[in-house]
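Dock chain L against chain X, hints included.
Chains X and L are the protein sequences, given in the same order.
In terms of the numbering used here, the first sequence has 24 at position 24, counting the first letter as 1, and numbering is strictly consecutive.
In terms of the numbering used here, the second sequence has 1007 at position 7, counting the first letter as 1, and numbering is strictly consecutive.
If you are wondering where the hints come from, they were derived from the structure by calculation, not from laboratory data.
Each hint can be trusted.
Sample of chain X residues with no beta-carbon within 10 angstroms of chain L, all distances over it, derived:
# : residue
1 : 80
2 : 180
3 : 184
Selected chain X positions facing chain L (in silico; Cβ < 8 angstroms):
#  : residue
4  : 5
5  : 22
6  : 24
7  : 27
8  : 36
9  : 37
10 : 41
11 : 44
12 : 47
Even for Gly, the Cβ is constructed at its ideal location relative to N, Cα and C.
Listed below are the residues making up each chain.
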Amino acid sequence: MRTLIRWAARLYPATWRNRYAAEFDALLDDISPSLGDLCDVLGDVLRVRATTSLDACLVWAAVSPMTLRLPVVLSLTGHALMITLVLLTAVGYVTPMPLHVVVAPLPPPTPDPPPQVTDARVFPNALTLYSSLPLMPAQGDTLSLYVADGVGINFLSLPDIGATYRRGNAEWRVWPGQALEGLIVRRVLPEYPRGTNTRGAVSVFVEYLVTRDGSVKVLRTSGPARFTSAARSAIERWVYRPLEYENRPCEVVSRVEVRFDSEVAQSGLSR
Amino acid sequence: MPDPTILILASLADGDKHGYAIMEDIQVFAGIRLGPGTLYGAIRRLEERGWIRAAKSESRRQPYRITAEGSQHLKEQLALLGQVVRTGNRRMREA
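Bound-form chain X, shown alone (with noise of 0.2 angstroms):
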């Protein structure tokens, strides 16, 4: 143990080995050591140790301040940029880079939206009303003939659509004007009666029929005389391709609002 003990001091540090080692010794020899004394050594080195070299710094930076200046600086200054970092963030300043980078797909391009199908010749600022495309002149005449100034076509939403209705052998299918447009093969516009005192719009509704030959013919109007008459003598004008219904030819109704009105009229015949 004894032997153990005298290694253990020479973990001293240099300066106590030059003043203690010699009566450490001595003492070493005149007692009978137990393990408690090596350990009880042992626990004085690491104080020594740790005294030692705390002294030596301060020892140090008071003969050379310069040595410790530089990196007690730099320590301070990396010290003061990360807690700053960190200040920064938790105050929502700086985003945190995410870990992944989360691309979502692009959402399908937006269809454009369906054209507003309107004579703007006819009612420019109505874009409910459906006019005369496609247009198609009449036999012999030109196209600006059947184009009248301030009158137009609604297609009316249908309440009995796909109704049939029959008279005697007839069987007529209801059928709505919009189901229509791609079979007409003629139409004319009604003209602005001559003549006539009304100011401002004026509606007429017609009911027709589509004959099997693709002919029209007007079933009832309503409205002033003038211009369901106007009205009837255009649409009875109007020529769609022969209809089918499963195969089979067929007789279909519709219906149309025909609005009149008196200033573009006016504009109109003024030109």
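Relative to chain X, chain L alone:
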């Protein structure tokens, strides 16, 4: 365990002693055996504070002598300790 430095100062109060003599003396008057590490740790601190100093000796066994500052410090500590002892004893009797 009391502060080893006070025990060493008390041991040196009646004359110079080397390490082993200090250990034996403390064990006699205080019943405490200081380890060699504790003993020389306390001796080193006492020397650094100027409370003891090494006396002249030709032997390997270095005797130590208490200084005037060490004696003053020991008086102050003993006075404080005596006050604590008296207060504790009085309160124990009153309890």
